[in-house]
Every structure is written in structure tokens, then in C-alpha cells.
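Colleague: Listed below are the residues making up each chain.
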Amino acid sequence: MAALQHLVNLIAGPEDIGRSRWFWAAFAAVCALLFVNPLWLTEFEATNGAYYLLNVPIALGLGLLWGYCGILSFGQVAYFGIAGYIYGIVAGNMVGDATGPIIGSLCGLAVCGLVATIFGYFVFYGRVQNWIVPILTLVLTLLLETFLGQTAGYQWRVGSVQLGGYNGMTGIPAFQLGSYVVMGYGFYYYVLIVVIATYLGLRLLVNSRHGKVMLAIREDAIRTELLGYDIRARQLVVFVLAAVLAGISGLFYVQWGNYITPSQVGLVQASLPVVWVAVGGRESLLAVLLSTCALNWLNYTLSSEGYQYALIIIGALLVAVMLFFPSGIVVTLARDLPRHLRTLRGQRKGEVQ
Amino acid sequence: MSEPILRTEELAKRFDGVVATNDVSINVPRGELRCIIGPNGAGKSTLFSLLCGIYRPDAGRVFLKGEDVTRQPAFRRVRRGLGLTFQTNRAFHRLTVRQNLHAVLQIAREDRPPDAEERYRFALERFALDPDSEMPAKELPHHQLQWLEIAMVLAAGPDVVLLDEPTAGMSIDETLQTGAVLKHLNARGLTIVVVEHDVAFVRDVAQRVTVVHQGRVFAEGTVDEITAHADVRRIYLGQA
Numbered sequence: 402m403a404a405l406q407h408l409v410n411l412i413a414g415p416e417d418i419g420r421s422r423w424f425w426a427a428f429a430a431v432c433a434l435l436f437v438n439p440l441w442l443t444e445f446e447a448t449n450g451a452y453y454l455l456n457v458p459i460a461l462g463l464g465l466l467w468g469y470c471g472i473l474s475f476g477q478v479a480y481f482g483i484a485g486y487i488y489g490i491v492a493g494n495m496v497g498d499a500t501g502p503i504i505g506s507l508c509g510l511a512v513c514g515l516v517a518t519i520f521g522y523f524v525f526y527g528r529v530q531n532w533i534v535p536i537l538t539l540v541l542t543l544l545l546e547t548f549l550g551q552t553a554g555y556q557w558r559v560g561s562v563q564l565g566g567y568n569g570m571t572g573i574p575a576f577q578l579g580s581y582v583v584m585g586y587g588f589y590y591y592v593l594i595v596v597i598a599t600y601l602g603l604r605l606l607v608n609s610r611h612g613k614v615m616l617a618i619r620e621d622a623i624r625t626e627l628l629g630y631d632i633r634a635r636q637l638v639v640f641v642l643a644a645v646l647a648g649i650s651g652l653f654y655v656q657w658g659n660y661i662t663p664s665q666v667g668l669v670q671a672s673l674p675v676v677w678v679a680v681g682g683r684e685s686l687l688a689v690l691l692s693t694c695a696l697n698w699l700n701y702t703l704s705s706e707g708y709q710y711a712l713i714i715i716g717a718l719l720v721a722v723m724l725f726f727p728s729g730i731v732v733t734l735a736r737d738l739p740r741h742l743r744t745l746r747g748q749r750k751g752e753v754q
Numbered sequence: 040m041s042e043p044i045l046r047t048e049e050l051a052k053r054f055d056g057v058v059a060t061n062d063v064s065i066n067v068p069r070g071e072l073r074c075i076i077g078p079n080g081a082g083k084s085t086l087f088s089l090l091c092g093i094y095r096p097d098a099g100r101v102f103l104k105g106e107d108v109t110r111q112p113a114f115r116r117v118r119r120g121l122g123l124t125f126q127t128n129r130a131f132h133r134l135t136v137r138q139n140l141h142a143v144l145q146i147a148r149e150d151r152p153p154d155a156e157e158r159y160r161f162a163l164e165r166f167a168l169d170p171d172s173e174m175p176a177k178e179l180p181h182h183q184l185q186w187l188e189i190a191m192v193l194a195a196g197p198d199v200v201l202l203d204e205p206t207a208g209m210s211i212d213e214t215l216q217t218g219a220v221l222k223h224l225n226a227r228g229l230t231i232v233v234v235e236h237d238v239a240f241v242r243d244v245a246q247r248v249t250v251v252h253q254g255r256v257f258a259e260g261t262v263d264e265i266t267a268h269a270d271v272r273r274i275y276l277g278q279a
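Residue numbers (the numbering used here), protein chains in the order written: chain A, 402 to 754; chain B, 40 to 279.
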């Protein structure tokens, strides 16, 4: 019981916005609402709802890496793509076997973790710092896109699965638990549960002992090392975690749409997680969660008018936010709104007297 | 004589052909309060960076408590008992006082010397720092920000600390207070090496003084010996 209380205190700790009882009441209410949502949504609408949520893990991972640990990665979609493609290959070769999707998912995440460990080892143990890191991560994802783009030929097949070049990989199996194929409402719940668990888990992490050191590394890596911390190992661990979270989004994506193309790891897609995180406010997990859902909904809705048009609006939004709310819209509101309300209330009281 | 707590052998570092540190061999015995003085650009801060592992030397070796740590990364040296404050204050300005001190206490060395806790508590009290304060560090007055960084270093429980101009920007009173705290910490077993420009401060605290000039050790001795040294007066103290 004491252990549980400790856990709850950690989750509600000071390193994210939203700490009052009111916040947790609202949080519980929104979660409850999301769980009963399918009562009035059609299966098609629920599947769309899952789409707005499925990018939350990759965004939270980037928020953790960039906002809490000070490392900007411009290539989180590389891990999104790796998990998606590996899942497609493994599950695609095990069609008919009910365990295929689970094994495929685990393989996808394992390869993500492995690639991130190798890449991160050279970056962090090589003491690469500052703006070189985003460039290297971007190069990795663009290399991956170039490689996947030239896999159109018949020779690029693994078992029975064709990589497909720029046409992409099609017919990727949906997720499956035993004989239950996770689609429609089921898929919505599956994504919703993972998203909520990821958010609460990361809140726990940022409020833990490791989280405090992460903040110190963000503020001044050398100072932190000179307090006795192996910053290389700590940066690597956070980097790998963020990569695995990006992989989870990649799995969701291919299980949702049953296809993936190299443009998913291209320049435009690479920039989107950075936009979602920056618009909400990178130094708050909650802000990242909210802005990612909102912008994915916006993107999806605008895309019915044409994809390029949607991107221009999202891009313009980023520019506007960077100019007027450099720490992000949600973070700025959470910081300044209570103060403005207090002043306003104070003024009213003054009028009465 | 027992092994010095900090020792260098013919340490050298150059940046793009500019020699910052050249053939520096120093010995700091356990329990000493040493001041390092020298004109601007003499290589004092570079020497500190070499001692703590921010830079790798081009030649020479660094020994900490008798162990060759030349190839060890900075955090290993810190865990072996070294602490450092920077010339420009590098407490975590955007974090609160609590977060600043907390970040260090997470790691407090396993082989923390028994007096370390007492020294840390003493410093907190004399520096008027509340370890649970939620005030952002950047809102502290300048001298207290300097003190905060010293307290952070003490929190880890070091045996020897390197302080790079700890009293820069402080008033005379604050400087005197800092000196009194350092002398007290030293009396309780902490080895302290201070880079300082303020001659009055050096006279107040130093047991021995090392003069660095053009990357080399120019002279070394007691405060009286150094202030009497004709060449030191000429290059550093600005007297004929």
C-alpha cells in the first residue's frame, strides 16, 4: 500500500504541468469519456480516433528526449519506419500463424532498440553534442528512405514479403491476440490503453531520481558530468527509450493502415514530430500529448482538402508558435493563465471596494 | 612524505598551436589550501580543465590520490573525490535550489568521507541556502548563486575541490565570508585549490601559492615568499 502511494506521488510529482486535484479529476473524466466513446461513435469514427492517438508515443518519446534531456532528434521517424517494416516482414511471413503479429511487434521494437543503441553509442560515447546530433539523426532517416526507395525490384523480397520500393509494402497483417484480430473498436481501445499507460509511465520516469538527473543534463551536460554522473550512459538510455516509443507508433501505423511507404521516413514526416512537440511545449509531457492529438486531428481533417495544403497550415502554425509562444502554446497557457486570472480577480475585488 | 592528493607530471595542452599549458608539474598535499594566481590568459582555467578531465592533455599525466587518472572521463574523477566549480557560474539557473542540490545528492559517492555530510551542512548554513527551496536559482542574488555552486560540489562529498574564481563579482563582505567558510572547510579536512585574482583574498586564505605565467609554473611558495618575489611583483602584482 505504501509502495502504491509512493508510486502515485511520483506520477503526480512536480516535473509536468497538471498537479492539482482538479487536474486529476479532469484527467480521469477525459479518460472515462474516451473509454465510453465507442457507445456513440461508429466503428469507422473510432478507427479515425485511434489514428489521432497513434502518434502520441513517438511524440512523447521526442518530448522526453528533447524537452527533458535536451537532445533534439530530427530522425525519430527512422525508428517508426524500422518497427513498421520489420513488423511487416515478420508478421507477413507468418500469415496463418496467430502468434505472428505479436512476434512481429516484438521483433520490430527489438530492432529499433538495437539500431538506436548502436547509433546512440557512437553519438554519445563519441561526445557528439549540440546541433550535430539532430543533423546525424536526420541523415540516418534520409539514408533509410533512400535505401527503402530503391527496393522496388523483385529481388527485394524477404520470404514472401515484397519491400516494394516507393510503392511501399502492402497487405501488412493487423494486430492479433490469439484468434482475436484487433480492428475497429478493438484497435481503438488497444491504442488508447497503450497511450495512457505510456503517458503515466513517462510521468513516473521524469519524476524519478533518473528524471532529476535528466533535467540537469538538459540544463548543462558538462556541469552534470562534473557532479559525478556518466552522462553518456544516461543520454543513451533515454535515446533508446525514445526510439522504442517511436517504434510503438510505427507498429500502430502499419497495424492501422496495413501498408507503409518510404515517405514515412522521409523529410516531411521527419519534421512532423518536431512540430507536434514544439507547438504544445516540449518541456511538458501533457502539452506534447494534447498538441499531438490536436494536430493529427487537424492534419487528418485538412487532408480531405488535399495533403500539401494541410502541411502548409501545420508549417505556418509552427512558425507562428515559435514567434509568439517559444515555449509552446499549452505550456505558456498553463504558466500564464492562472496568473492572469488572479490579477483579473484582484482587479474586480478592487472595483467592489 | 605521503602521496599528494593531486599531482601532475609535465602536463601540456595546446589549442591550434597556441600553448595554453606547458610542462606543468604541481603537487597538492592532502589538507592544503592552495591558491593559483597569474595574469589573464596564463592558463589557470585550462589547468583546471585538465585536472578534472574536461580536456585531455597532449602530454603529461594527472594523479588523483596516487592513481593515474589521465585517461579517465570527468565523472570517474568526481566519483574518486574531485569537485570543481567553473569560472562563470554554472549552477542550473533554470532549476530550483532544491533541484540543483537534489541532482547531486542522488549520487553522493559510496565512499563519501565521514566528514563530508558535516561540511555540506556547514556550508548550507553559512551560505544561508535552504535545500528545500523552490526558488529558481536564477532569482538568487549573484553571490548566493556562486555559493550554491560550491554547495552543489560539496553535496557530492569530495576530498579535494577546485574553485575557479569563487569570489568573482562579490562585495568585500561576501568575499570575506566566502574566505572564512573555505578556511573552515579546509580545517575540517577538505583540500582546496582556488584560482583567484583578488590579492587580498589570496593573502587571507592561502597556505601556499602557485604562480602560473604563459602556461608554466613561474613560482611557488608561501604567501610571503610569493609577495616578496621580485619577478612575480613585476609580471603580476604590477609593481616595479
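To be clear, the hints were calculated from the coordinates, so they are not data collected in a lab.
Treat each hint with caution, since some may be false.
[Stated by the list, open to error] Interface residues of chain B toward chain A, partial, derived using beta-carbon atoms under 10 Å:
#	residue
1	Ala-113
2	Arg-116
3	Arg-129
4	Leu-184
5	Glu-188
6	His-268
[Unchecked claim] Lysine to aspartate or glutamate pairs mimicking DMTMM-like chemistry, simulated, CA-CA at most 20 Å apart:
#	chain 1	residue 1	chain 2	residue 2
7	B	Lys-177	A	Glu-620
8	B	Lys-177	A	Asp-498
9	B	Lys-177	A	Asp-631
10	B	Lys-177	A	Glu-416
[To be verified] Cβ-to-Cβ under 10 Å is the rule here; a few derived chain A residues that face chain B:
#	residue
11	Leu-440
12	Glu-444
13	Ile-623
14	Tyr-630
15	Asp-631
16	Arg-736
17	Leu-738
18	Leu-742
19	Arg-746
20	Gly-747
21	Gln-748
Each residue gets a CB set at the ideal place from its N, CA and C atoms; glycine is no exception.
Colleague: Compare the structure with each hint and give your call.
Modeller: Hints, verified against the model:
At its closest, the beta carbon of Ala-113 of chain B sits 5 Å from a beta carbon of chain A; the interface hint therefore holds under the 10 Å criterion. Here the hint on Arg-116 of chain B is kept, as its CB sits about 9 Å from the closest CB of chain A, short of 10 Å. Restraint check, Arg-129 of chain B versus chain A: the minimum CB separation of about 5 Å is within 10 Å; hint holds. Proximity of Leu-184 of chain B to chain A is violated relative to the hint, the smallest CB-CB distance being about 13 Å (cut-off 10 Å).
Annotation: interface hint on Glu-188 of chain B holds; nearest CB of chain A at approximately 8 Å, less than 10 Å. Given the 10 Å rule on beta carbons, the hint for His-268 of chain B is violated: about 33 Å separates it from the nearest Cβ of chain A. Annotation: proposed proximity of Lys-177 of chain B to Glu-620 of chain A holds, straight-line Cα distance about 12 Å (limit 20 Å). The straight-line distance between the Cα atoms of Lys-177 of chain B and Asp-498 of chain A is roughly 60 Å, outside the 20 Å bound, and the hint therefore fails.
Simply put, Lys-177 of chain B and Asp-631 of chain A have alpha-carbon atoms about 26 Å apart, too far for the 20 Å limit, and the pair is violated. Between Lys-177 of chain B and Glu-416 of chain A the alpha-carbon distance is near 18 Å, which keeps this suggested pair within the 20 Å criterion. A cut of 10 Å between beta carbons decides the hint on Leu-440 of chain A: the least distance to chain B is about 44 Å, and the hint is violated. About 47 Å separates the beta-carbon of Glu-444 of chain A from the nearest beta-carbon of chain B, more than 10 Å, and the hint is not met.
Satisfaction of the interface hint for Ile-623 of chain A is found here, the shortest Cβ-Cβ separation to chain B being roughly 6 Å, below the 10 Å cut-off. Of the supplied interface hints, the one on Tyr-630 of chain A holds, with its beta-carbon coming within about 6 Å of a beta-carbon of chain B, less than 10 Å. Interface restraint check for Asp-631 of chain A: the shortest CB-CB distance to chain B comes to about 5 Å, inside 10 Å, so the restraint holds. Violation of the interface hint for Arg-736 of chain A is found here, the shortest Cβ-Cβ separation to chain B being roughly 13 Å, above the 10 Å cut-off.
The interface hint given for Leu-738 of chain A is violated, since its Cβ lies 19 Å from the closest Cβ of chain B, which is over the 10 Å cut-off. Interface restraint check: Leu-742 of chain A against chain B, minimum CB-CB distance 21 Å, threshold 10 Å, status violated. Using the Cβ-Cβ criterion of 10 Å, the hint placing Arg-746 of chain A at the interface with chain B is not satisfied: the shortest such distance is roughly 23 Å. Interface restraint check for Gly-747 of chain A: the shortest CB-CB distance to chain B comes to about 22 Å, outside 10 Å, so the restraint is violated.
Interface hint at Gln-748 of chain A: violated, since its Cβ lies 26 Å from the closest Cβ of chain B, which is beyond the 10 Å cut-off.
Hint compliance for this structure: hints 4, 6, 8, 9, 11, 12, 16, 17, 18, 19, 20, 21 are not met, and every other hint is.
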